Amino acid sequence: MNIFQDNLDRLASRHQDLATAAKPAAGGVLTVEPARTGVPSARRSGRWIHSAYDPLREAQTWADTHAPACRSGEMVVVAGVGLLYHVEALRRKLAPDVSLAVLIPNLDEFHDALAARPLEAWSEAILWLPGAPAEIAATLTKIGRPLRCLSYAPAVAWDTDFHRALEEALRRDMSRQAGGQLTIALVGPIYGGSLPIARYVKRALETLGHTVQWIDHSVHAASYDAMGTLKDQRNRQMMQGRMAEVLSQWTLATLAESPPDLVLSMAQAPMTLPVLEHLRKKKFLTAMWFVENYRHLTYWQQLASGYEFWFVFQQGACLDAFRQAGARQVSYLPMAADPDLHCPMSITDEDRHRFGSDVSFVGAGYANRRRLFPSLLRQPWSFKLWGNEWDGADELRSVLQLNGARIDTATCMKVFNATTINVNLHSTTGVGLDPQADFVNPRTFELAACGAFQLVDHRSELHRFFTEQEMVSFKDFGDVPGLVHRWLNDSAARQAMADAARARVLSEHTYVHRMRELLGHIGLSQPDRVGSVLRGERQQESLLNRCTDDRPLEALLRDCPSGQRIELKDVAARIRSKGSTATLKREELMVLMLDEYRSETRDLL
Amino acid sequence: MPHEPAPEHRDLVIQLARLGDLVQTLPAIESLQEAYPERSLDVLCAAPLTGVLAAVRGIDRVIPWDGAQWRTWATRWQENPAATLQVMQHYLASLGDTMYEQVYPLNQHERSHLMTQLFLSHSSREQEQARIAARMHPWAQHLRHVARERGANRVHLADVWCGMCGVLPRGQAPSRVPPAVELPEDLAGIGKRHGLWVAVATGAGEADRCVAPVVWSQWIREFLAQTQDGQVVLIGSGTERETARAMLDSVPTLLHGRVWDATGRTNLSQLMLVLHKCDWVIGADTGPLHLGTLVGTRALGWYFSRARLHETGPYGEGHWVYQHATQTQPQQWPIKESIDLMCGDRVRSATDWSLWRSRMDRWGAYFDDGSGTQAVEHSRADIWRACAPALCESIAA
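For the record, the sequence lines run as chains G and X. In terms of my numbering, the first sequence opens at residue 1 and continues consecutively. In terms of my numbering, the second sequence opens at residue 1 and continues consecutively.
Please keep in mind that the hints were generated in silico from the structure rather than gathered at the bench. Every value quoted in this text rests on a predicted model; they were computed, and no experiment measured them. C-beta: ideal position from N, C-alpha, C; glycine also. Careful: at least some of the hints might be erroneous.
[To be verified] Only some residues are given here: those of chain G computed to face chain X with a beta carbon under 7 Å:
#: 1; residue: R546
#: 2; residue: C547
#: 3; residue: D550
#: 4; residue: L553
#: 5; residue: L568
#: 6; residue: K585
#: 7; residue: L589
#: 8; residue: M590
#: 9; residue: L592
#: 10; residue: L594
#: 11; residue: E596
#: 12; residue: Y597
Construct all of the structure, not just a fragment, from the sequences and the given hints.
The structure is reproduced here in structure tokens:
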């Protein structure tokens with residue numbers, strides 16, 4: 001009996017193109033060897049993909065772990081091929097109304113699987129997905145079912161680029177389709193650089209049509225600062241720590257008032273691990289956008305396991321470090337700009353005189369900036385330095401503006417717009433350029449969004465965001481005077497580059513783009529919760545479409561404001577608004593009863 | 001075919017509270033049956049407790065309410081509201097889909113209010129809701145006052161529920177023969193040997209009302225030492241198994257044959273049978289005490305923390321309660337005193353604990369510490385007259 005040919009014939013009955021493509025594939029990716037139980041197992045590049053002892057039992061365990069989460073009507077997409085034991089076990093475990101698709105990134109590996117063991121009838125109920133990630137994503141999106149992505153880890157390690165590309169494509173598709181309204185609790189910090197970003201995030205989420213509950217801890221900043229005046233370090237730390245705990249509880253109490261679909265914290269948000277664990281126990285979805293250099297601020301290590309989703313603006317080692325610290329899901333999400341605020345503006349002559357210069361820098365007096373900026377003095381152009389924490393930088397005192405006061409956003413925008421060449425030097429605690437230049441700061445996007453020309457120190461990820469026709473970067477600060485000289489005298493080229501950078505930000509790098517991506521990622525991971533809201537399944541129209549034969553429910557839903565997302569609590573509130581003396585219908589009473597039980601499950605405190 | 005009474009002749013009592021409260025509802029149910037013998041009475045209670053009412057004469061139907069199921073539906077609603085509404089409708093239909101002319105809701109919460117509306121027949125809904133409100137309002141106010149002031153109230157909760165149903169207490173405690181069920185083989189010997197059998201309720205519904213295992217261990221050791229033929233049965237839920245095991249371990253091995261561990265081993269019906277086979281039940285958990293009194297076992301309660309004997313003491317004649325003087329956790333326990341009382345040697349109070357004996361009269365149950373009953377009866381009569389003047393007038397007439 002020829003296993004390979006039989007499998008090809010079985011496959012060809014439903015997937016002729018795939019069978020045709022798999023037949024001539026060379027194979028040889030998997031080394032097939034018998035397991036202790038006698039059935040075939042396999043290795044790839046020397047590593048076992050299935051158990052060397054009992055692949056069937058191992059696959060069953062994997063399926064038992066993942067099947068309970070899969071819901072009726074979903075399309076479950078499995079990454080990882082191997083000898084398909086796990087796919088078989090999962091298919092047998094799932095209800096018929098759950099569809100199952102398998103990604104095929106490598107036809108040679110698939111050829112090996114077809115040659116190793118017979119595929120039985122279960123394989124006919126699989127949607128096989130070969131091809132490029134973008135095409136697969138388009139196919140899955142077209143099918144229109146909620147997607148649940150599962151990964152068979154031992155078999156995916158060799159195709160990480162493929163899987164990453166597919167995930168990005170799916171996320172993009174989900175973001176594009178997103179039509180539902182989420183309720184998102186946004187937990188801000190008490191103070192610091194992530195506070196304005198929290199405001200941009202809020203505006204972006206609202207622009208996308210979501211409802212934001214802004215839990216603003218900056219209102220407590222004065223008290224926090226007051227504690228900072230305590231001279232005894234232990235007392236100061238204890239008091240500020242206690243205050244952070246109280247604010248964490250305050251967040252909990254606020255969430256209890258009106259439970260959101262997602263709790264999104266910004267870096268430095270006062271959330272403690274016990275509170276995060278409590279929220280997790282109560283089935284709240286939590287996410288953190290950590291807009292800090294993970295090497296400098298390390299408190300994330302204590303919180304890593306607390307959040308369901310982490311988003312960071314550094315890749316590679318950063319992602320690994322978070323995972324090792326216990327983060328369940330960590331994803332890359334770079335910084336951005338808010339074009340409502342970061343935009344070109346007309347500057348009066350007076351403001352141009354006050355805020356303008358040939359060259360300027362806005363920012364705090366980090367060590368590397370103190371060391372490098374003196375080379376910008378005594379040049380044939382004017383140089384102004386804006387920002388705080390420049391105490392002791394005597395050499396730069398002559399160019400320091402406003403006595404080294406902290407610069408607010410409005411002033412910052414005037415400086416950006418009034419300056420001919422903005423220097424953007426990422427901070428480090430060393431004396432030169434950042435030796436680990438693996439993130440791009442918000443300033444890069446903000447300057448670009450203003451249509452302001454900038455010279456930025458080279459970043460390894462800069463090419464992801466801007467081409468060389470959109471942004472000028474330098475790898476040696478000694479090159480800066482020459483670059484200034486060159487661009488100062490070529491206003492047309494400067495303007496063209498600044499315009500191109502602004503167009504790029506508007507089309508790809510705003511906070512709206514980032515929030516779409518963030519929610520797309522969470523929606524993909526949570527197809528039955530955030531995902532279903534994003535797909536618009538909680539909108540009145542969608543609910544009405546799904547209750548065609550249920551007149552009483554239809555009447556209840558029609559009674560709610562049209563075009564809105566409708567939750568149980570909304571229907572209940574609508575019914576209660578009829579007043580305590582109203583005679584309610586049976587289904588109305590049932591909805592109220594259900595709402596009573598719902599509110600009990602959210603008893604947070 | 002069994003006769004199905006017309007809706008106008010069917011009434012419903014709603015009691016969604018825990019075990020003890022359900023047992024304490026029986027006086028009201030009996031009074032309703034006595035007052036309206038021509039009407040058929042159903043009772044709706046939490047599904048796991050239906051066994052308590054299974055053997056009660058005169059209840060036409062016991063309707064189980066599955067709260068856990070409703071919690072599941074509450075989370076499923078968003079996925080598919082139409083299907084959820086449909087399954088809820090099927091659930092209500094499975095309960096009989098009967099509409100009642102009169103409903104007696106005994107819980108002061110929104111769910112009970114909604115259930116009343118769900119089960120009241122449309123024709124009488126508005127009128128009956130007004131009647132319910134008028135009947136219940138004074139008693140609800142009275143309960144709120146008692147909860148707030150913790151004053152000298154002497155009307156038992158079971159009798160308040162009679163008042164809420166618009167009937168007077170019958171003046172005698174309900175009594176039931178336990179269901180004829182089998183006990184696990186190793187527990188079948190309970191009550192068969194000669195001697196004083198005492199069931200010890202090892203746990204309590206709330207943590208602050210639990211007696212520490214070390215206290216119960218001491219009680220058991222002293223009881224077994226004092227009585228040559230005394231036997232102890234440990235009762236409680238599955239979560240109390242570990243506590244019971246610890247108690248057993250602290251008892252000398254020679255005495256193990258006189259301690260029976262039934263924690264987590266019985267269902268409700270079997271628990272009733274075990275209690276029935278004992279002479280006494282002692283504990284701080286009111287549920288087993290009430291269940292014990294129902295099957296004819298004498299109860300001795302240790303009431304402390306927020307537990308107050310005048311509202312929730314064992315209902316009937318001849319039960320005893322040690323009431324702690326303050327709401328704080330007791331430092332000393334009436335161990336010797338309660339053993340003496342059970343053995344019939346001596347009846348006495350203990351340091352920080354007062355001793356009360358339950359009695360019955362025409363206003364229901366009350367507790368007496370020997371300081372005089374006249375004033376007590378007056379105060380209870382005053383409350384009845386204030387909360388149910390029409391009922392009191394009918395007695396006078």
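Take the shortest C-beta to C-beta distance between L568 (chain G) and chain X; is it under 7 Å? At about 5 Å, which falls below the 7 Å cut-off, the nearest Cβ of chain X leaves the hint on L568 (chain G) intact, so it holds.
Is the interface hint satisfied for L592 (chain G)? The criterion is a beta-carbon contact with chain X at less than 7 Å. At 5 Å from the nearest chain X Cβ, L592 (chain G) passes the 7 Å test, so the hint holds.
Proposed interface contact between Y597 (chain G) and chain X, which counts if any beta carbon pair is under 7 Å: With a minimum Cβ separation of about 4 Å from chain X (threshold 7 Å), the hint on Y597 (chain G) holds.
Interface hint outcome for M590 (chain G) [beta carbon to chain X under 7 Å]: holds, 5 Å
Using Cβ atoms only, decide whether L589 (chain G) comes closer than 7 Å to chain X, and label the hint accordingly. holds, 5 Å
Would you settle whether the hint for C547 (chain G) is holds or violated, based on the nearest Cβ-Cβ distance to chain X being less than 7 Å? The hint holds - C547 (chain G) has a Cβ within 7 Å of chain X, the shortest such distance being about 4 Å.
Given a cut of 7 Å on the nearest C-beta pair, is the interface hint for L553 (chain G) held or broken against chain X? L553 (chain G) check passes; min Cβ-Cβ to chain X is 5 Å, inside 7 Å.
Would you settle whether the hint for L594 (chain G) is holds or violated, based on the nearest Cβ-Cβ distance to chain X being less than 7 Å? Nearest chain X Cβ about 5 Å off; hint holds.
Please check whether E596 (chain G) passes as an interface residue: C-beta within 7 Å of a C-beta belonging to chain X. At about 5 Å, which falls below the 7 Å cut-off, the nearest Cβ of chain X leaves the hint on E596 (chain G) intact, so it holds.
Was the hint right that D550 (chain G) lines chain X, CB cutoff 7 Å? Cβ of D550 (chain G) sits 5 Å from chain X, so the hint holds.
For the hint on R546 (chain G), just tell me whether its beta-carbon gets within less than 7 Å of chain X. Holds, because the Cβ-Cβ distance from R546 (chain G) to chain X comes to roughly 6 Å (cut-off 7 Å).
Should the interface hint for K585 (chain G) be scored as holding, given a Cβ-Cβ cut-off of 7 Å against chain X? violated, 10 Å
In this structure, the one hint that does not hold is number 6.
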